[in-house]
Amino acid sequence: MFRFTQKKCGLSEFGGRFTLLFNAWRKHTQPTAAVLPSRSLIPVRKANFRGLSLPDNPSLRGLYSRTPKADVQVMAGEELPGVLILDVGGTHGVLENLVALLKKHFHVITLKEFRENKEEMRKKIQSVFVFENRPTIDRELLESLPNLKVIGNSGVGVDHLDLKMISNFGVKVTNTPHAVADSTADIGMALMLASARRLVEGCQIAVSPDTKYFAVNWLGVEVTKATLGIIGMGNIGYKVAQRAKAFDMRILYHNRNRRKEEEEAVGAHYCEKMEDLLQQSDFVMLVVNLTPETHKLIGKKELGLMKPTATLINISRGAIVDQDALVEALQNKVIRAAALDVTYPEPLPRDHPFLKLNNIIITPHIGTATVQAIRMMTEEAIANILAVLNGKPIPSEVFPK
Amino acid sequence: MEGQELPYVLIDSIGGKHGVYEDHLEFLKKHFQLITMKEYLENKKFLSENIRAVYMWYHKPVINEGLLQSLPNLKVVASSGVGIDHLDLKLLSSYGVKVSNTPFAVSTDTADFGMALMLASSRRLVEGYQMAVSPNTEYSPADCLGAEVSGATLGIVGMGTIGYKVAERAKAFEMKILYHNRNQRNKEEESAVGAIYCKKIDDLLQQSDFVLLSVSLTPQTHKLIGKRELELMKPTATLINISRGLVVDQDALVEALQNKVIKAAALDVTHPEPLPRDHPLLNMKNVIITPHMASATKKTRRLMMENMTESIEAGLRGLPIPNEVLL
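Those protein sequence lines, which keep their order, are chains Z and A.
Numbered continuously in the numbering used here, the first sequence closes out at residue 401.
Numbered continuously in the numbering used here, the second sequence closes out at residue 1327.
By construction, these hints were calculated from the structure, which means they are not laboratory data.
It is possible that some hints are incorrect.
What the hints assert, rightly or not - To be clear about the criterion: a stretch of chain Z counts as covered by chain A if any three or more of its residues have a C-beta under 8 Å from a C-beta of chain A, and this derived list gives those stretches:
{"hint": "1", "region": "134-145"}
{"hint": "2", "region": "204-218"}
{"hint": "3", "region": "307-321"}
To be verified - Partial chain Z-side listing against chain A, Cβ under 8 Å, derived:
{"hint": "4", "residue": "Leu-80"}
{"hint": "5", "residue": "Leu-86"}
{"hint": "6", "residue": "Val-88"}
{"hint": "7", "residue": "Thr-91"}
{"hint": "8", "residue": "Leu-95"}
{"hint": "9", "residue": "Ser-183"}
{"hint": "10", "residue": "Asp-186"}
{"hint": "11", "residue": "Met-189"}
{"hint": "12", "residue": "Thr-224"}
{"hint": "13", "residue": "Phe-247"}
Glycine included, every Cβ here is placed at the ideal spot set by N, Cα and C.
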């Protein structure tokens, strides 16, 4: 795994212009309203998902009518560029409705089709659409695709990709930071609330055949006015902070870099030392990328620094937490509870000690598992792939360090 | 109060699953002489004259005419929580007994819990948890595809203290907020949370992705949500109830869920509580039920206890009662 830096999109001028074009393209191809990436320069309220159109903004009309057909290489008689996917449907394949989106711009080739007809297919494949970490991009695959230009990842995490190796083949990698932000922030909040208020346990009591009456002394802990420590205040972490603010939470954050403007907007306090954040927080939420630096970021020492009444919430990657240390901490009540959308591996082996604890909630990596987010991720990946294939500025390229 | 005895206050019991919390006793005993129902029954003659207040913790002790008749000096009943649908206010008034509740203590926790239910339901958290820990490991996140809360439309039925706090929280999720209330709130309050008033509940029901009930139970709100209202809701909508079970026509709700008239429900309250173990709601995948725990945090329960103490003391001194419930 190699460190990567992400080219920022949205604050620079071209990024802003791309955003406008991206949304114009989306509005052109989709009946639902365009959804703006979080750092858009467009001063309009974000459209909601119910198909309401954006407010009529005269300054945008010209742009919207300038549908970027030139960006889409669909000229009469010419074949669409090939995109490789694992499969259509099935347990790990791309959802069928998303394949339909891909087919508008690409000749979709499944791994099976590729393997059965390598000679014909290998030259057609210019891109790979990686969905839920599949297909695996290994040296063998890269060597067999001479015209491969880009790997478009669905999702923001790219820790499953060997960026250096891919780069050595002259292939670009893109991810989808904008599409994932809201839904992942929502899941962070959902897990925090569910854990604090013992929602899952409560459900079990409510439906258990043994329940005769509800006890009144069965209590959880408060979220409103508690202290939330956000480790990693990027796109997603910032959206978490925005939501937490409405719950009157005291917000601390630890980040590689201080974000003064955003701090003020959500009333967050910067903790240069992660230790300070750990010692003061009632809820510690992990929202970092997985890199060699963040691997096992939270271990025995860090858990020991946390309050015994604190809850750890992980919406990043499982490997950021030393899982064995967490098991011990939960068993010995070093911390109160944990709520994990991510583990290592996923899923956990069925005899893993996590599954026996009663002060843990685990969800099966559903941070972006909404109908809307999955669609947006596909659209963002498609836009990125097309940008590469058409030699246009790439909104979300990721580079090896 | 030197030389003076502390006032006698009737409670149901101490500790266990239903009694007054043991860690509240220290505080209570500084203000009152607590008499449990058991002690009262063992010494009725003496105690009935002296009991001047009832500390009603989670609907116990039950107050009926018989009890009122045998407590001639009863002045105040302090009830925990905000709901007072379990009290016969007319009856109590006829005996000259004042009543108090704890509306503000419960408001933030209840609003938080409303949000928790909405998020858990929409993101299929409970189902996801079951998948994550079940013996069968063959699943993918696509099996647990939920719907976005961010950017969706929330319709709040009943925008009192609790409803308004829900709106404040929902706003941060960039939700479009509609509300229906007996009275429209003023412009500042509306614009602070970006809430749009729906004079007709039908308009709210037709447009909302999430319908959240935060009304008090009164004769007017009894079965407020029935077959007609459920049919007005979107087939992709979720009903969230943090008020009282009887605000919803439960049989109509079961039918609506079975026939996919609405998508899902998340209920902290039902009628009765708990539901009979063979009730259809307990088996539905698209239903979350929690055991009436919206105000169940240590801090809030303690605050409730302190509020109730204050109300009783004021009542016994003939002073204006904080949180008095008027007929």
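We went through each hint and held it up to the structure:
{"no.": "1", "hint": "134-145", "verdict": "violated (count 0)"}
{"no.": "2", "hint": "204-218", "verdict": "holds (count 12)"}
{"no.": "3", "hint": "307-321", "verdict": "violated (count 0)"}
{"no.": "4", "hint": "Leu-80", "verdict": "violated, 25 Å"}
{"no.": "5", "hint": "Leu-86", "verdict": "violated, 11 Å"}
{"no.": "6", "hint": "Val-88", "verdict": "violated, 12 Å"}
{"no.": "7", "hint": "Thr-91", "verdict": "holds, 5 Å"}
{"no.": "8", "hint": "Leu-95", "verdict": "holds, 6 Å"}
{"no.": "9", "hint": "Ser-183", "verdict": "holds, 6 Å"}
{"no.": "10", "hint": "Asp-186", "verdict": "holds, 5 Å"}
{"no.": "11", "hint": "Met-189", "verdict": "holds, 6 Å"}
{"no.": "12", "hint": "Thr-224", "verdict": "holds, 4 Å"}
{"no.": "13", "hint": "Phe-247", "verdict": "holds, 6 Å"}
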